[in-house]
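Each number in my numbering comes from the position in the sequence shown (counting from 1) with 99 added on.
No lab work stands behind these hints: they were computed from the structure. From a predicted model like this one, the values you see are computed outputs, not experimental measurements. No residue lacks a Cβ here, since even glycine has one placed at the ideal position from N, Cα and C. There may be inaccurate statements among the hints.
Said to hold, decoys possible - Simulated restraints, written as ranges between beta carbons of each label pair:
| no. | residue 1 | residue 2 | range |
| --- | --- | --- | --- |
| 1 | G170 | P140 | 41 to 49 Å |
| 2 | K230 | P163 | 14 to 22 Å |
| 3 | K164 | K115 | 51 to 59 Å |
| 4 | T199 | P117 | 35 to 43 Å |
| 5 | H232 | N121 | 28 to 36 Å |
| 6 | K125 | T219 | 47 to 55 Å |
| 7 | L123 | E227 | 21 to 29 Å |
| 8 | K115 | G170 | 38 to 46 Å |
| 9 | L123 | R203 | 54 to 62 Å |
| 10 | W136 | I161 | 45 to 53 Å |
| 11 | A208 | W136 | 53 to 61 Å |
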Amino acid sequence: MEPENELVDGLFVPPKEPKKLNRLMKKHLKDTAGASWFDMPAQTITPELKKDLQILKLRSVIDPKRHYKKGDLKSKTLPKYFQVGIVIESASEFFSGRLTKKERKATLADELLSDNHLGTYRKRKVQEIEKEHNVVGVEKWKIKGKQSLKRKKKEE
């Protein structure tokens with residue numbers, strides 16, 4: 100069975116048959132959030148967009164000082180209908196409140212990775228977790244494996 104549409108060099112090529120084209124157009128027309136949401140179309144999810152949506156879901160973990168509504172943290176499904184925009188600061192905002200061109204990144208993940216304050220927080224948290232999971236005691240016993248058990252019995 101052939102697919103109804105194909106991607107050639109990353110571009111959408113519609114089917115040649117008019118019946119299939121009409122069916123495809125109807126399918127895409129119905130794929131909106133509805134009139135109450137101003138017929139917001141369903142987005143095609145790219146890997147970058149998927150990462151950004153996952154980061155938005157886990158935003159309460161990223162910064163401990165900010166608190167968000169519970170939302171759908173536990174649901175594993177991504178939203179079907181959404182829109183992505185760019186925040187444009189007004190000229191009346193103070194300069195330190197804005198991001199410079201260097202600080203602006205293409206995706207939300209890149210922006211979070213480049214933030215120094217979040218980087219130090221991440222490193223500190225990783226070190227705390229590593230300390231918590233480190234085994235207390237002499238590490239010689241773990242290195243030798245079965246021989247360490249024999250040595251322990253001999254010493255007793």
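Going down the list of hints, with the structure as the test:
1. G170 with P140: 41 to 49 Å: 23 Å Cβ-Cβ, so the 41 to 49 Å window is violated.
2. K230 with P163: 14 to 22 Å: holds (18 Å)
3. K164 with K115: 51 to 59 Å: holds (57 Å)
4. T199 with P117: 35 to 43 Å: With a Cβ separation near 52 Å, T199 and P117 fall outside 35 to 43 Å, so the hint is violated.
5. H232 with N121: 28 to 36 Å: violated (60 Å)
6. K125 with T219: 47 to 55 Å: Roughly 53 Å apart at Cβ, these two residues keep to the hinted range, so it holds.
7. L123 with E227: 21 to 29 Å: Once the Cβ atoms are compared, 53 Å apart, the range 21 to 29 Å for E227 and L123 is violated.
8. K115 with G170: 38 to 46 Å: holds (44 Å)
9. L123 with R203: 54 to 62 Å: Taking Cβ atoms as reference, L123 and R203 lie about 37 Å apart, which means the hint is violated.
10. W136 with I161: 45 to 53 Å: violated (28 Å)
11. A208 with W136: 53 to 61 Å: violated (27 Å)
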